[in-house]
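Student: Keeping their order, the protein sequence lines are chains A and B. For the first sequence, the numbering used here assigns the number 22 to the initial residue and increments by one for each residue that follows. For the second sequence, the numbering used here assigns the number 13 to the initial residue and increments by one for each residue that follows.
There may be inaccurate statements among the hints.
As the list claims (entries may be wrong) - Rough simulated footprint, nothing fancy, chain B against chain A, three-plus residues with beta-carbon under 8 Å:
1) 46–55
2) 58–68
3) 138–147
What the hints assert, rightly or not - The calculated lysine to any residue pairs, modelled on SDA-like cross-linking and capped at a C-alpha distance of 20 Å, are:
4) A:Lys56 with B:Lys127
5) B:Lys127 with A:Asp62
6) A:Lys261 with A:Ser90
7) A:Lys57 with A:Ser90
8) B:Lys119 with A:His230
9) B:Lys119 with A:Glu60
10) A:Lys64 with A:Val131
11) A:Lys57 with B:Met66
12) A:Lys222 with B:Ser185
13) B:Lys127 with A:Thr183
14) A:Lys57 with B:Met125
15) B:Lys127 with B:Met204
16) A:Lys250 with A:Gly201
17) B:Lys119 with A:Thr183
18) A:Lys56 with B:Pro203
19) A:Lys222 with B:Pro200
20) A:Lys193 with A:Asp168
21) B:Lys154 with B:Met204
22) B:Lys127 with A:Glu60
23) B:Lys127 with B:Phe189
24) A:Lys193 with B:Met204
25) A:Lys89 with A:Lys76
26) A:Lys57 with B:Tyr123
27) A:Lys56 with B:Gly130
28) B:Lys127 with A:Leu99
29) B:Lys127 with A:Ser90
30) A:Lys193 with B:Glu116
31) A:Lys222 with B:Met204
32) A:Lys221 with B:Pro203
33) A:Lys76 with B:Met66
34) A:Lys193 with B:Pro124
35) A:Lys64 with A:Lys262
36) A:Lys262 with A:Thr171
37) A:Lys193 with B:Phe191
38) A:Lys56 with B:Phe191
39) B:Lys127 with A:Gly152
It is worth saying that the hints were derived from the structure and are not from the lab. Where a beta carbon is used, it is the ideal one built from N, C-alpha and C, also for glycine.
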Amino acid sequence: MQRSNTYVLVFTAIMTVVIGGILSFTSQVLAPAQKKSVELDTKQSILGAVMTLEKGDDALAIYSTRIKSMVVDIDGNLIDKNRKGNPIVAEEVNILKNYKMDAGKREYPVYQYMNENDPTQIEAYILPLYGAGLWNAIYGYVALEKDLNTIKGVSFGHVQETPGLGARIDSKEIQVRYQGKTIFDESGNLVSVVMLKGEKKNPSLFGTHEVDGMSGSTLTAKGLNAMVKDYLTCYESFIKKNQHQ
Amino acid sequence: MSTETLEQPVVKAPSESIFSKRRRRFVMDPLDDDNPVTIQVLGICSALAVTVKMEPTLIMSIAVVFVIVFANLIISLIRNLVPGRIRIIVQLGVIATLVTVVSEVLKAYNYPMFKVLGAFVGLIITNCIVMGRLEAFAMGNKAWDSILDGMGSGFGYAWVILAVAFFRELFGSGTVFDFPVFEAIGLPNFPMNGLMVDSIGAFMILGIIIWVQRARNGYVEN
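Chain A extracted, bound-state conformation (with noise of 0.2 Å):
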């Protein structure tokens, strides 16, 4: 049947406001949920960079006995004001919008693991990664021990890197070969940890600052390493003036 075109007007009309009410509706009912859902994300990833969470862990229990996070810039300098000047919250800080700005700008995130007897004892340094990997964003978070030299130990993560093949990146196996690697080499120079190319599975066949790589995933160890040197790089300042104290 031929409608006329008012009427197809008005349906359109009709059904626009239907569709977007019950969208906005959603949206607004689900909103506190889902912030709470991407919080438990964030700070599950944060600590797993330290330890191996367990299914059933109440992650958001073990972060705030076990976290002291604070904000600094690249010079290592403590910020406590957002650039809204609003209190900063490290948990809140975006890793992918300060990533696309200029290092100088950028807020950097410290999140600080205490020891679990003495509160105000630091036991690692956790710092956020942000970078690219072959397809998309790869991003994650490297622990170092209170020496501010050793990795503890890492977790990254991916958008879109292939799977079998650089999506690995994800799993324990791989972030594994990173613990106890150091960062400075002898003279104090930051070196990084570089992912080699080819996968030997002989740990120890590799230095201080190296690691083995992923076969068939040269792309994205080298995005992960120019990730992790960048980041690195950029926290320099806070890691050496926090290294003497």
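Could you slot chain B onto chain A? The hints should help.
Tutor: Leaving out everything else, chain B in the frame of chain A:
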């Protein structure tokens, strides 16, 4: 001539049972003889993308069944109001709304799955099965029939992608729903097949399923 007037029984059509034979076919046909994936070859894209592991596949199946059933229902209810000239846009609007709601709910209550499925939930909008059913069925049939039809196509899609995911996860990662099967049966060194983790593995398994099904049903493409 008899003056007796035969009382004519009032012929009242017996109301059709809600699970009559005709209606059962709406659900049963797409499961096998008229399967959307293996026979109509629709929805292949997501059948490849989300079937590396069972858990995301299950979530995806639930999402697709939900969207297809409700889209069928809504379109069927408003089918006589929808102007023919813009019916495709209306269908798309309904599907997109349902998909967005699913995606938002997932983000709120199962964030890890939201991250895994990410774009693919959004891509249910372009899943040809959903729009195909709206245009071919819901636009011309009553509400209950449309719900059954949606369930048929939804479950038809679901069992195929779950079957694909089962074999991909089993041989690609050695697990089913993240439960280490080979370790449990005492074969901890069973070699994993990297091909299964890749989309190529999905093509192969889908091909085998189609082959088995057609050999069994004697279906021939003409």
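Student: Compare the structure with each hint and give your call.
Tutor: Verification of the hints:
1. 46–55: holds (count 5)
2. 58–68: holds (count 4)
3. 138–147: violated (count 0)
4. A:Lys56 with B:Lys127: 14 Å, holds
5. B:Lys127 with A:Asp62: With a Cα-Cα distance of about 10 Å, the restraint between Lys127 (chain B) and Asp62 (chain A) holds, given a limit of 20 Å.
6. A:Lys261 with A:Ser90: At roughly 18 Å apart (the allowed maximum being 20 Å), Ser90 (chain A) and Lys261 (chain A) satisfy the hint.
7. A:Lys57 with A:Ser90: Holds: Lys57 (chain A) and Ser90 (chain A) sit about 18 Å apart, inside 20 Å.
8. B:Lys119 with A:His230: 39 Å, violated
9. B:Lys119 with A:Glu60: OK: Lys119 (chain B) and Glu60 (chain A) at ~12 Å, within 20 Å.
10. A:Lys64 with A:Val131: Measuring from Cα to Cα gives roughly 13 Å; hence the hint holds.
11. A:Lys57 with B:Met66: Violated, at roughly 26 Å.
12. A:Lys222 with B:Ser185: 19 Å, holds
13. B:Lys127 with A:Thr183: Holds, at about 16 Å.
14. A:Lys57 with B:Met125: 15 Å, holds
15. B:Lys127 with B:Met204: Violated, at roughly 25 Å.
16. A:Lys250 with A:Gly201: 17 Å, holds
17. B:Lys119 with A:Thr183: Not OK: Lys119 (chain B) and Thr183 (chain A) at ~23 Å, beyond 20 Å, violated.
18. A:Lys56 with B:Pro203: 41 Å, violated
19. A:Lys222 with B:Pro200: Holds: Lys222 (chain A) and Pro200 (chain B) sit about 18 Å apart, inside 20 Å.
20. A:Lys193 with A:Asp168: Violated, at about 24 Å.
21. B:Lys154 with B:Met204: 49 Å, violated
22. B:Lys127 with A:Glu60: Answer holds: Lys127 (chain B) to Glu60 (chain A) is near 14 Å, not above 20 Å.
23. B:Lys127 with B:Phe189: 17 Å, holds
24. A:Lys193 with B:Met204: Holds - the C-alpha atoms of Met204 (chain B) and Lys193 (chain A) are around 17 Å apart, at most 20 Å.
25. A:Lys89 with A:Lys76: 23 Å, violated
26. A:Lys57 with B:Tyr123: 10 Å, holds
27. A:Lys56 with B:Gly130: 17 Å, holds
28. B:Lys127 with A:Leu99: This hinted pair is violated, its Cα atoms lying about 33 Å apart.
29. B:Lys127 with A:Ser90: Roughly 25 Å separates the two Cα atoms, so the pair is violated.
30. A:Lys193 with B:Glu116: 29 Å, violated
31. A:Lys222 with B:Met204: Holds: Lys222 (chain A) and Met204 (chain B) sit about 16 Å apart, inside 20 Å.
32. A:Lys221 with B:Pro203: 18 Å, holds
33. A:Lys76 with B:Met66: Holds. Lys76 (chain A) to Met66 (chain B) sits at ~18 Å (cutoff 20 Å).
34. A:Lys193 with B:Pro124: 17 Å, holds
35. A:Lys64 with A:Lys262: 26 Å, violated
36. A:Lys262 with A:Thr171: 16 Å, holds
37. A:Lys193 with B:Phe191: Given pair Lys193 (chain A), Phe191 (chain B) holds - Cα atoms ~17 Å apart, limit 20 Å.
38. A:Lys56 with B:Phe191: 30 Å, violated
39. B:Lys127 with A:Gly152: 18 Å, holds
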